[in-house]
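> Sequence:
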Amino acid sequence: MNRLQFKNVVAKDRLIHHVDAFGIQCNQRSMDDMYEKLSEANSPLVKAIYKEYEFAGKTSLNIFEILDFPSNLNSKKAFLNHVKKKLGINTNILNVHLKPTITEYPKVNYIEEFESGYRIQWVSGVYKESTNGYGIINRLDTKYITTIVRLGSPVFIEIRAGYTFARSYLKMFKSFLSETELPIEFQDIPLTKVTEVEATLIAEKLKAGLLEGEHLGSNGIGRYAVSADRDTSDLRKLPEYQSNFVGKQYLAQTLNVPYSDEESGYVTSIKFKINMNGGFEFKTKVNEKIIRRIFDVFAEVRYKKMASGE
Numbered sequence: 022m023n024r025l026q027f028k029n030v031v032a033k034d035r036l037i038h039h040v041d042a043f044g045i046q047c048n049q050r051s052m053d054d055m056y057e058k059l060s061e062a063n064s065p066l067v068k069a070i071y072k073e074y075e076f077a078g079k080t081s082l083n084i085f086e087i088l089d090f091p092s093n094l095n096s097k098k099a100f101l102n103h104v105k106k107k108l109g110i111n112t113n114i115l116n117v118h119l120k121p122t123i124t125e126y127p128k129v130n131y132i133e134e135f136e137s138g139y140r141i142q143w144v145s146g147v148y149k150e151s152t153n154g155y156g157i158i159n160r161l162d163t164k165y166i167t168t169i170v171r172l173g174s175p176v177f178i179e180i181r182a183g184y185t186f187a188r189s190y191l192k193m194f195k196s197f198l199s200e201t202e203l204p205i206e207f208q209d210i211p212l213t214k215v216t217e218v219e220a221t222l223i224a225e226k227l228k229a230g231l232l233e234g235e236h237l238g239s240n241g242i243g244r245y246a247v248s249a250d251r252d253t254s255d256l257r258k259l260p261e262y263q264s265n266f267v268g269k270q271y272l273a274q275t276l277n278v279p280y281s282d283e284e285s286g287y288v289t290s291i292k293f294k295i296n297m298n299g300g301f302e303f304k305t306k307v308n309e310k311i312i313r314r315i316f317d318v319f320a321e322v323r324y325k326k327m328a329s330g331e
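In the numbering used here, the protein residues as written are 22 to 331.
There may be inaccurate statements among the hints.
As the list claims (entries may be wrong) - Straight-line C-alpha distance at most 27 Å; calculated BS3-like pairs for lysine-lysine:
#1 Lys120 to Lys28
#2 Lys79 to Lys214
#3 Lys304 to Lys33
#4 Lys226 to Lys310
#5 Lys128 to Lys28
These aren't lab readings, by the way, just hints derived from the structure by calculation.
This one's a predicted model, so the numbers in the text were calculated from it and none came from an experiment.
Turn these sequences into a full structure, and let the hints steer you where they fit.
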């Protein structure tokens, strides 16, 4: 971990919470200053915070139930052996940054055990030209995507990317899971596509206000996007919004979700978008606990299971 990696994924108000708790004098408008001062005061805490956010931050989330997953790979040992064979590596690959040669095609950079399966981070990149006024500069523009394979019955693949991009990774998995040069075939069910009724229930259970609503236009043509002003915590409570937009088909809802962590005392608000055509999007930086909280509520609504934190 370095300072830039930390800044890219960790929420600013999380740092403010800890520097306040330690009584650290620093410039709270500067992530760099807070990072430096908190590192000096408690370096293990800074590393622990980063681990919470490392594979999260501002991210999208799509989860697919996989039908016809290869039965011979549906155990941790068999799956890991397959990955090692696929990568051509005989030594340990867990919890090691593999640092593959970066190409446009995603390659495995990191893999670790996670719950009932494995979390896999992929890296890809392209060279882009830019100029600094003195000449042309070639720089490598890299992209990291996190996927989680949850083994068992059924098997789930979670892809932290927008729906269209997630679909391309799901297609890539068909080659990654194959033991031959030909991709395997499997069917999938996109679990994170929600109905309007489900979205409303999710918002209610999270005690979330509606900040933005995107609606399908009249006769299915175009779209309307409505945003709350700074003084409005929930569009649904505005008579004007109710009369003009309630009942019109939603394309997306952006919610303001209150969140508190009893263990650390951290309190924040999460800007969270539900895309009706597929997937969740976290518009603010979040950690794994927050993602789990949101998904638990979704699971409760979808499968009538009690969410954690209730």
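> List, from low to high, the hint numbers that the structure doesn't satisfy.
none
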